[in-house]
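Engineer: With the sequences and hints as input, model every part of the structure.
2 protein chains.
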Amino acid sequence: MADTKIFFDNASTTKVDPRVLEDMIPYFSQHYGNPSSLHDFGDAAHGALDNARNQVASLINADDEEIYFTSCGTESNNLALWGLTRAAKKKSRHIITSVIEHQSIINPLKDIRKEGWEITHIGVDSNGSVNPDLIKKAITDDTVLISIMHANNEVGTIQNINEISEIAKQNEILFHSDGVATAGVIPVDIGELGVDAYSFSSQQMYGPKGAAALYLKKGVRLKPSLLGGIQERGRRAGTENIPAIVGFGRACEIAKDELDKNAKHVSSIRDKLVEGIIRNIDKVKLNGHPIRRIPGSAHISFEFIEGESILLMLNMEGIFTASGSSCASQALKSSYVLVEMGLSTTMAQGSISFSLGKYNTGDEVDRTICVLPPIIERLRKMSPLFKE
Amino acid sequence: MADTKIFFDNASTTKVDPRVLEDMIPYFSQHYGNPSSLHDFGDAAHGALDNARNQVASLINADDEEIYFTSCGTESNNLALWGLTRAAKKKSRHIITSVIEHQSIINPLKDIRKEGWEITHIGVDSNGSVNPDLIKKAITDDTVLISIMHANNEVGTIQNINEISEIAKQNEILFHSDGVATAGVIPVDIGELGVDAYSFSSQQMYGPKGAAALYLKKGVRLKPSLLGGIQERGRRAGTENIPAIVGFGRACEIAKDELDKNAKHVSSIRDKLVEGIIRNIDKVKLNGHPIRRIPGSAHISFEFIEGESILLMLNMEGIFTASGSSCASQALKSSYVLVEMGLSTTMAQGSISFSLGKYNTGDEVDRTICVLPPIIERLRKMSPLFKE
Chain P
303 MADTKIFFDN ASTTKVDPRV LEDMIPYFSQ HYGNPSSLHD FGDAAHGALD
353 NARNQVASLI NADDEEIYFT SCGTESNNLA LWGLTRAAKK KSRHIITSVI
403 EHQSIINPLK DIRKEGWEIT HIGVDSNGSV NPDLIKKAIT DDTVLISIMH
453 ANNEVGTIQN INEISEIAKQ NEILFHSDGV ATAGVIPVDI GELGVDAYSF
503 SSQQMYGPKG AAALYLKKGV RLKPSLLGGI QERGRRAGTE NIPAIVGFGR
553 ACEIAKDELD KNAKHVSSIR DKLVEGIIRN IDKVKLNGHP IRRIPGSAHI
603 SFEFIEGESI LLMLNMEGIF TASGSSCASQ ALKSSYVLVE MGLSTTMAQG
653 SISFSLGKYN TGDEVDRTIC VLPPIIERLR KMSPLFKE
Chain F
303 MADTKIFFDN ASTTKVDPRV LEDMIPYFSQ HYGNPSSLHD FGDAAHGALD
353 NARNQVASLI NADDEEIYFT SCGTESNNLA LWGLTRAAKK KSRHIITSVI
403 EHQSIINPLK DIRKEGWEIT HIGVDSNGSV NPDLIKKAIT DDTVLISIMH
453 ANNEVGTIQN INEISEIAKQ NEILFHSDGV ATAGVIPVDI GELGVDAYSF
503 SSQQMYGPKG AAALYLKKGV RLKPSLLGGI QERGRRAGTE NIPAIVGFGR
553 ACEIAKDELD KNAKHVSSIR DKLVEGIIRN IDKVKLNGHP IRRIPGSAHI
603 SFEFIEGESI LLMLNMEGIF TASGSSCASQ ALKSSYVLVE MGLSTTMAQG
653 SISFSLGKYN TGDEVDRTIC VLPPIIERLR KMSPLFKE
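These protein sequence lines are chains P and F, in that order. Just so it is clear: in the first sequence, position 301 is 603 by my numbering, and no numbers are missing. Just so it is clear: in the second sequence, position 179 is 481 by my numbering, and no numbers are missing.
Treat the hints as calculated values from the structure; they're not laboratory data. Quantities reported herein were computed from a predicted structural model and do not represent experimental measurements. Among the clues, some could well be false.
Which copy? The list can't say, so a pair holds if one copy fits it or any two copies do.
SDA-like, lysine to any residue: derived pairs with alpha carbons at most 25 Å apart [stated by the list, open to error]:
| hint | residue 1 | residue 2 |
| --- | --- | --- |
| 1 | K393 | D413 |
| 2 | K416 | D562 |
| 3 | K412 | A390 |
| 4 | K416 | D305 |
| 5 | K307 | S331 |
| 6 | K525 | E420 |
| 7 | K438 | K683 |
| 8 | K558 | Q332 |
| 9 | K587 | R523 |
| 10 | K317 | E534 |
| 11 | K689 | M615 |
| 12 | K307 | A346 |
| 13 | K393 | S685 |
Structural biologist: See below:
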């Protein structure tokens, strides 16, 4: 591996902020109690759990008791879908979602469909945006739930959640949004957003893996998926992962405090990267919405060549990126998100996702802009599709 | 709180071994990659995942590819029950379990029953033992699955898993065992045990919270519960919690290496505690099997008084114990395990679980033996049930 290590794959996971890790350490071997215990030794854990719940709730301006801890974003999304549909009182069974949701939404919905639910998948435009009017039109008397992600994890496009939540409210339909790509990255006020349920995860905001949350608006009914003890007020059994939850809490606190600063920094170096690539390389296309986009996302198609090849050559230079979503990367398939946005297969396959984070620097961007053009040139020379 | 801190609640959770924590640290902020990534930065995580899987498999003498990581013991148990029943090809729907299983078995089975399965709950004798003959008799043509815990988390009784697995094999019935209380504590050779699925957890063996495993014998079909990416070969979606998994792996390695030493130490101080209590206090009863019992377990009923009161007075002395199971402790109900063992309500309610671990010492036991008799005396004097 090259000596340089430039991590442009922050959508996949992030480095744990050292301040977060520092807060976690005492909960492994010192305050290792179980918060469900009746004795004082569980008190430190119990207090830490309460404190973290408050920090997590504060990030999205929710009440503490609206936050339920889970083990990862995938679990939050699965819990929301299964939990809301199974708790639905209505006999009717129709869900509206989009074609570009994360796999942890798409795949459970396939199973929910097998249980007799009808699923409507709303398409997106070439920017990856869901048109709220299409959701409105898809609503039937049977619609129980809408699930639309806040921002797409691959191309970064932010959806018009406010407008969708208005539609949901007018029709008395539950609205869940997958906020894994947005919480801690852009401002989220859950009341303003108007959703009934919202998933978000620690590992995408410089917190540890192993903790995530499902926000559930007061009064919304949810059938739990994991059954056992009465942890999380009966919504999620299993001993709470206190060190990870403590880290998640601190990560939320830091994210909130430094959100503006980080967003400015990340979007400025991201813009520099995009401009540099466009200026120095022909036949490239920035994917996703040009403006309504999360700060770190730079998803670019390079015509005539394979994204995998670019990824591997950048990798040899110590620059780490993704092609498609990280969850799907090992499947080596063309990204369904890009296909749904109308990109041709060749453009979709020639794409790279640079996802920048708060630890990235302008120098790293400069190095990438310097290294990338000769890589693209070399690959294009080898490509049977490319003619100069 | 008293200056002394004696943690006799190791069945609830354990202190993370400092060697385990040390191994975990680099995976938070240094090798924080996602093992699903295609670039080299995910390699360290990927290698760590493979290594941990090998360490975990080795503990129970399984093959690496028979280990699936989950987030906690509760998830492993839920996954086993839902996954095995949903994947069952047979049209028949009958499960055999015991009356003293952990809540993460009992509660999902209530839901599985609602889906049309018949559940037979086998009773236990006064030692908390399941008689394999009763299982044999309960088998019908419709039986698909048997789930019997390896050892009970409250009273420590070890079940005759070998005999039950023989019965299961003869009748071509799947056999799952909850090994949360046993793996890392007593020798477990999964081949000798003869089970098809086995749940075990990191936090009960001086590993971190946030990691557990489901052993699944090669060829056994399981429908996943968490759907999304293709992690854990499609059996459990969600980014792997690498630091916790690394810690779990190391905890398994240490547990294996030091199993004999720890078992000897823990059972010797446990026996000392039990003898000291019996010698110094009248009208006490050791619950659970006198011999077939996990090393750390000392579950004792004190006649005429409330376990909660003993727990709280021990707590004031800095001695931390449990009454009933930790998961149920906040529910303040009499332990169903004790009731099923035939203890009278007053005996069941007057019981305390001392669960000792490798960090406990003979001095801690001496202190407890010294402190406990006057507590019991005081409480009995206050008790309307007690007559000298």
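Engineer: For the identical chains here, do K689 and M615 meet the 25 Å Cα criterion within one copy, between copies, both, or neither?
Structural biologist: within (21 Å within a copy, 84 Å between copies)
Engineer: Give the relationship of K393 and D413 under a CA distance limit of 25 Å: within one copy only, between copies only, both, or neither.
Structural biologist: both (18 Å within a copy, 19 Å between copies)
Engineer: Between copies, within a copy, both or neither: which fits K307 and A346 at Cα up to 25 Å?
Structural biologist: between (38 Å within a copy, 13 Å between copies)
Engineer: At most 25 Å between CA atoms: does that hold for K393 and S685 within a copy, between copies, both, or neither?
Structural biologist: Answer is neither: 56 Å inside a copy and 54 Å across each miss the 25 Å cutoff.
Engineer: Taking 25 Å as the upper bound on the Cα-Cα distance, should K317 and E534 be classified as within, between, both, or neither?
Structural biologist: between (27 Å within a copy, 22 Å between copies)
Engineer: Can you tell me if K416 and D562 fall within 25 Å by alpha carbon in one copy, between copies, both or neither?
Structural biologist: Neither way: K416 and D562 sit 44 Å apart in one copy and 50 Å across, limit 25 Å.
Engineer: Since the copies are identical, ignore which copy is meant and state whether K438 and K683 lie within 25 Å (CA to CA) inside a copy, between copies, both or neither.
Structural biologist: Neither: 48 Å inside a chain and 71 Å across chains, both beyond 25 Å.
Engineer: 25 Å Cα cut-off: does K587 pair with R523 within a copy, between copies, both or neither?
Structural biologist: The answer is neither: 44 Å in one copy and 45 Å across copies each exceed 25 Å.
Engineer: If the cut is 25 Å between Cα atoms, do K416 and D305 qualify within a copy, between copies, both or neither?
Structural biologist: neither (50 Å within a copy, 58 Å between copies)
Engineer: Using 25 Å as the alpha carbon limit, work out where K525 and E420 are close: within a copy, between copies, both or neither.
Structural biologist: both (20 Å within a copy, 22 Å between copies)
Engineer: From the Cα coordinates, with 25 Å as the cut-off, is the pair K307 and S331 best called within, between, both, or neither?
Structural biologist: For K307 and S331, the Cα distance is within 25 Å only across copies (14 Å; inside one copy 32 Å).
Engineer: What label fits K412 with A390 when the C-alpha limit is 25 Å: within, between, both, or neither?
Structural biologist: Intra 18 Å, inter 19 Å, cutoff 25 Å: intra and inter.
This entry does not satisfy hints 2, 4, 7, 9 and 13, going by the numbered hints stated previously.
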